[in-house]
Structures are given as structure tokens and as C-alpha cells.
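Asker: In case you want the letters, here they are:
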Amino acid sequence: MKPSLPYKIVTYVVLTLWALIVIFPLWTLMVNSFKPKRDIFKDPFSLPTEVTVDGYLNAWTDSNFSFYFRNSFFITTVSLFLILFLGSIAAYSIAKWRSKIPGLFYIYFIAGLMIPLRLGTINLLQTIKAMGLLDTVFSLIPVYVAMGLPIAVFVLTDFIRALPDELFEAAKIDGANRFGIYLKIVIPLIRPALSTVAIFNLIPIWNDLWFPLIFIRTEDQRTLILGISLLFGQYQSNWTYILSALAISAVPVLVLYLAFAKQFIKGLTAGAVKG
Amino acid sequence: MATVELRNVSKLFGANVKAVDNVNITINDKEFVVLVGPSGCGKTTTLRMIAGLEDITSGEIYIDGTLVNDITPKDRDIAMVFQNYALYPHMTVYDNMAFGLRIRKYPKQEIQTRVNEAAQILHIEELLDRRPKALSGGQRQRVAVGRAIVRKPKAFLFDEPLSNLDAKLRVQMRAEISALHTRLQATMIYVTHDQVEAMTMGDKIVVLKDGIIQQIGSPLELYNHPKNRFVAAFIGSPPMNIMTAKILEKDGKIVADEGDFQIELEGKLADTLKSYINKEVLIGIRPEDFVYTQTPQKTNNIRTHVEVVEPLGAEIHLYVSTQNHQLIVRVQPRYEFHVGDEANFAPDMEKLHFFDIDSEEIIGA
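Taken in sequence, the protein lines are chains A and B. Take 0 as the starting number for the first sequence in numbering that gives the first Met the number 0 and just add one per residue. Take 0 as the starting number for the second sequence in numbering that gives the first Met the number 0 and just add one per residue.
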């Protein structure tokens, strides 16, 4: 059935309003990052009358930022890789292991969805300290992996359960062992679900301020968001600089997001026709 | 190629659901064996136990003389074709067929030769670059068969491979699989619920019901000499007519009395049925074993009324009724029949089957 005209109009109005709400802060960020500080306060929403790239130059050339950037990138990619790898391998065994035991593991993972990780900050701090990871980028990775696993197991288990058993049996007869089946059958077939999980975890990890703030002190171990947060001065802030740094920090997220989103859509259409 | 042997094989699901009960089957080298039976009879479970996809509760399975109870599917050197094809959706037809060989680390050249050879046999050469979703049901089935033959396994297992195809394609693929068997000279074990498939394809048929083997034999053995009522009714289309009758002694002759008609028995059959005098038995007569008589005979005449006429061209199927039973009769199209007509038949005395009413086993034989 084709949607009626009034329905279409309402849809477009709602979507346009939503788009404006979403774009507005981005717009403010972008235009103001090109303005000198005094113009930002004079007229925050207009296009810049006098364009300056000082903020970007500062952010880019400031030696600390390259550290921050590299740290954030490292933490995010390693955490995402571990979440996807551990999550999918756990989901595979939970989904296709004919026993009651995996059900218990499943509940254990899902329970993690209900508890906000930050409630356990003090215990986490003690654990990380005991592991000798405090004040390094490695302190954040296990925390983020733990944070991401419940949703990963939740989404991926359902997805793998939906794959027909005969595929696994055919591969078994063809001579593949369990890990071979995981690598050559499961992973390619759950790529759309992996993208979903990756997108879902990417943003909170990249943008997290809480754990870096608590775990990290040393300059060269700071993440990007932590670094930017430290630019806010007690009495005055260099807004051009801050906004430029924020704009740069958003780029890798956008790139990764687009990369996953493309894969996500590709996966959806490939899986649409079932054999 | 190899022999496959099942010795006292049983399978329990849970504590007391017996899916397969003490099954003994010997499958010779290069033989085409069909496991047939209604759904839930344990035929697929039996096949899956041979493949190693299902544990065996008790008993032993030998492939090529080797006990395989504790050997994993990949080391049993068998190939299986599944009902829903089970093609890997993310791989091309070529990769689907090459998958097993690549895992077994065959040289690239060898893989290419084998896949191309299989594709040629199955007429799917032009489909090698496609994904399974771009194939029709029949083509998918061919790819699934291709994936099995490139491996050159000891035995092929087929699990109802044709049941997802339309009727016309099914008949065609049936003939192709038979031809493939002749060409490859391979041991094949084929599961189906369709007795026509079983009859047309099998060298040997194993009829199963409730996990118990009812009879093993060649198609014609099963058809002509069924061991019990189940096999008699299951094999053959239209099915055998089965009626209750009482054995009587009349003027020194042994007679089976259906109520509406009597059949005088002679010779060996009469001797074996003597012990059933004044007892009820089941008479089985195949639809083609009725002889149409234009004038009623004095003895053994079965007088019926025609209820449905199905002219198929080469033959006519008549649904007729006596006072007590409805029968299906297959006659030559030399005569014309109309609904409501009276029609007289005589049974072919050589081809009567008698079954015990309680055990349903064949009497005599």
C-alpha cells in the first residue's frame, strides 16, 4: 500500500524537525570553530564574518593532542575488536550448544545489561589498581569490553540462533572443526549484527569521560575527550580552540560509523533472501 | 566406496522416547539403499547417526569395516545432501563446492578439476559464479549434490533431498540421482517418506515404522511379498485393499468369507489357513489383482457397485464398494464404467495376501 499524502506530509515534517534538532548543535560547533573568540559571543549562530583556522592549527600542532588522539583510537579499536571477538564466540557457543549450561551463561551476560557499570566504579578502580594497570591506556580496555559484552552477546546469540542448524552440520561433514565453522561460516553470516554491535559500542567508548577521568592522570596516557575537557579553564576558556578540537575528535567516529553503516546495509540486503 | 553396517543400533531421545529401536542393516558396496517410512519413523535419525550428527544410544555402526561410533563426522568420509540444501549463503556455487576440499587442503589445481567435473555432470557450469540466493530450487539441489560428489566420499547420504521441489522437477531429479548412482558406482543411502521414490530408486528398501524395521528387500520383493500389513499398505499406489474376513470350512473346503462374498481357497494356502477356521483374518488384494468379469462367475465372484471412475488413460482406477468394504480396483481401459454400475470381479488367486488380525503379520509365506 502506498502511504497517503497527509501521512507523507506528517512524516516529512517530523523527520525535518528531528533533523534540525540533531544538526543544530553540530552546526553551532562547526561555525563557531572557525570564528575568533569575540565573534562567538557576539553572534553564536551566524556564519563567521572573519574566518580563522587558528583553532584547528593549534589543536593539530599541539603535541599533546596527537597523543590523545592516538590513545583514544587505540583504546576504541582494541576494545571493539575484543567485544566483537569475545562476544561472537560466546554467542556462538550459547546459541548452538545443546545443553542447559549455556542458558545460565546467557542469563549471566544479560544480567550485565541491567546494572549500570558506573555503580561499580570504586571496585573497578581497586581491581584495575591491583592489576597494575592504573594510569595507563590499558586500564580502560577491560572496563569497556565488560561494558560492551552484554549487548554483544544479546544481539549476536539471537542472530546465530536464527541460522539453520543444517549449515553447521554441512560444514561439519565437509570437515570443518568448530573454530573453522566460526571463522568461515558464522562470522561472514553475522556481519550485519557485528556492525550493529560495533556502532552501538563505538560512541560510548570514544566519548567516555568518566573512566579516563578516574583512572588516568599522566599526560601521555590521556584520551581525547579527557584532554579536551581539560581545556576548559576555571576563569576563561579558549572556545575557538575547544570547538576545533571537538570537531576533530568527531571525525574518526563519523568515519568508522560510515564504514560500519555501509557494511550494515550491505549485510541487510544480502541476508534478505534466505536459501 | 564402502560398505555400511548397522548392528543393533538404538537411539533414545530423553529417557524414554525411542526414535530408533534395535536396527540392523547391511549396506553393500555400490548399493543404493532407501530408508522409507511415515514421518517420525526414525529414518532421518538413522541417517544422522550414520553421518555422526547424532549420538548412538546403543549398538555399533561400521563404515568400510571400521567402527565409527566415536569418530567425528569429518573423519567418517561421508557426504550428505540435506532437505533444505544447506548451501553456504555467503559463498558462490564454486566456493560452496570447493569448501570441503579446501578444508582438507587439496591442491588448488585438483580442486578446480573436481569442481568443474562435478559441475559438468550436473549441468551447472554456468552457475559457478552465482550465490545460492540467485538459484532456483532445482539448481540449489544440484549444487548440494555437487558439493557431495567433489569430495568422492565413501558413502553418500541423502536426507529427503527432493521434498522441497515441485512434482515435475522431482521426477526429473529422481532419474538424475539414479543415473548419478550408476555413473559414480557409489554407496548411497537415501531417506524419503515417498514410497514411489523408494520403489523407483532403491536397489534395496528398508521400511521403518516407529523406529522398528518392518522389512528389508528389493522393491519387487516388498511389493509382491510384504511381511506385514503395514508394508503391504505402505508400498504401492493406489494402496493394497485390506478387508476383514472369516475363515470357514464349507463342504470340506476352506473359504474366506467377507460377508458379502466368499473366496474358496486351495492348495498350500488352504492348508496354512486351516488353523484359522472360525477366526477372523485380513485379506489383502492389490488393485491390479482383480480380474474384471463381464458375467458373474459362480465361485469367487466379487459383486460391487462403482462409486468413482478415474480414467487415467493407460488404466482406469475404480472406487467400488461391496456391502462391507470400499475397494480400489485398477482395470484396463478396454471397458467403459459409469458411476452406479454393477461390476463383477474375481481375485487373482495367486496374489492373495492373508494377515493375522492381531499381529498383522503375513500368514503362510
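Everything labelled a hint here was simulated from the structure, so no lab data went into it. Here the structure is a predicted model, which is why all the values come from computation and not from measurement. Just so you know, not all the hints are guaranteed correct.
As the list claims (entries may be wrong) - Restricting the straight-line Cα-Cα distance to at most 30 angstroms, the calculated cross-link-like pairs of lysine-lysine (DSS-like) are: (1) Lys171/A x Lys252/B; (2) Lys107/B x Lys183/A; (3) Lys171/A x Lys132/B; (4) Lys183/A x Lys203/B; (5) Lys167/B x Lys107/B; (6) Lys203/B x Lys252/B; (7) Lys208/B x Lys278/B; (8) Lys95/A x Lys151/B; (9) Lys95/A x Lys104/B; (10) Lys1/A x Lys132/B; (11) Lys151/B x Lys171/A; (12) Lys261/A x Lys245/B; (13) Lys153/B x Lys171/A; (14) Lys226/B x Lys203/B; (15) Lys29/B x Lys226/B; (16) Lys7/A x Lys171/A; (17) Lys203/B x Lys245/B; (18) Lys183/A x Lys151/B; (19) Lys17/B x Lys99/A; (20) Lys17/B x Lys171/A; (21) Lys151/B x Lys203/B; (22) Lys151/B x Lys29/B; (23) Lys99/A x Lys132/B; (24) Lys171/A x Lys104/B; (25) Lys171/A x Lys107/B; (26) Lys171/A x Lys278/B; (27) Lys226/B x Lys95/A; (28) Lys203/B x Lys95/A; (29) Lys151/B x Lys73/B; (30) Lys73/B x Lys183/A; (31) Lys208/B x Lys17/B; (32) Lys183/A x Lys132/B.
What the hints assert, rightly or not - Which chain B residues stay away from chain A? Per the calculated CB distances, all over 10 angstroms, these: (33) Gln82; (34) Pro106; (35) Ile120; (36) Arg150; (37) Val290.
Unchecked claim - Sample of chain A residues at the chain B side, in silico, Cβ under 8 angstroms: (38) Met130; (39) Gly131; (40) Pro163.
The beta carbon of each residue, even a glycine, is placed where N, CA and C say it ideally should be.
Asker: Now look at each hint and say whether the structure bears it out.
Answerer: Results for each hint:
no.	hint	verdict
1	Lys171/A x Lys252/B	65 angstroms, violated
2	Lys107/B x Lys183/A	18 angstroms, holds
3	Lys171/A x Lys132/B	22 angstroms, holds
4	Lys183/A x Lys203/B	38 angstroms, violated
5	Lys167/B x Lys107/B	38 angstroms, violated
6	Lys203/B x Lys252/B	39 angstroms, violated
7	Lys208/B x Lys278/B	27 angstroms, holds
8	Lys95/A x Lys151/B	29 angstroms, holds
9	Lys95/A x Lys104/B	27 angstroms, holds
10	Lys1/A x Lys132/B	28 angstroms, holds
11	Lys151/B x Lys171/A	16 angstroms, holds
12	Lys261/A x Lys245/B	78 angstroms, violated
13	Lys153/B x Lys171/A	16 angstroms, holds
14	Lys226/B x Lys203/B	15 angstroms, holds
15	Lys29/B x Lys226/B	26 angstroms, holds
16	Lys7/A x Lys171/A	50 angstroms, violated
17	Lys203/B x Lys245/B	35 angstroms, violated
18	Lys183/A x Lys151/B	22 angstroms, holds
19	Lys17/B x Lys99/A	22 angstroms, holds
20	Lys17/B x Lys171/A	26 angstroms, holds
21	Lys151/B x Lys203/B	22 angstroms, holds
22	Lys151/B x Lys29/B	13 angstroms, holds
23	Lys99/A x Lys132/B	35 angstroms, violated
24	Lys171/A x Lys104/B	15 angstroms, holds
25	Lys171/A x Lys107/B	21 angstroms, holds
26	Lys171/A x Lys278/B	56 angstroms, violated
27	Lys226/B x Lys95/A	42 angstroms, violated
28	Lys203/B x Lys95/A	36 angstroms, violated
29	Lys151/B x Lys73/B	13 angstroms, holds
30	Lys73/B x Lys183/A	16 angstroms, holds
31	Lys208/B x Lys17/B	12 angstroms, holds
32	Lys183/A x Lys132/B	18 angstroms, holds
33	Gln82	8 angstroms, violated
34	Pro106	16 angstroms, holds
35	Ile120	19 angstroms, holds
36	Arg150	8 angstroms, violated
37	Val290	50 angstroms, holds
38	Met130	39 angstroms, violated
39	Gly131	42 angstroms, violated
40	Pro163	7 angstroms, holds
Checked against the numbered hints above, the structure breaks hints 1, 4, 5, 6, 12, 16, 17, 23, 26, 27, 28, 33, 36, 38, 39 and satisfies the rest.
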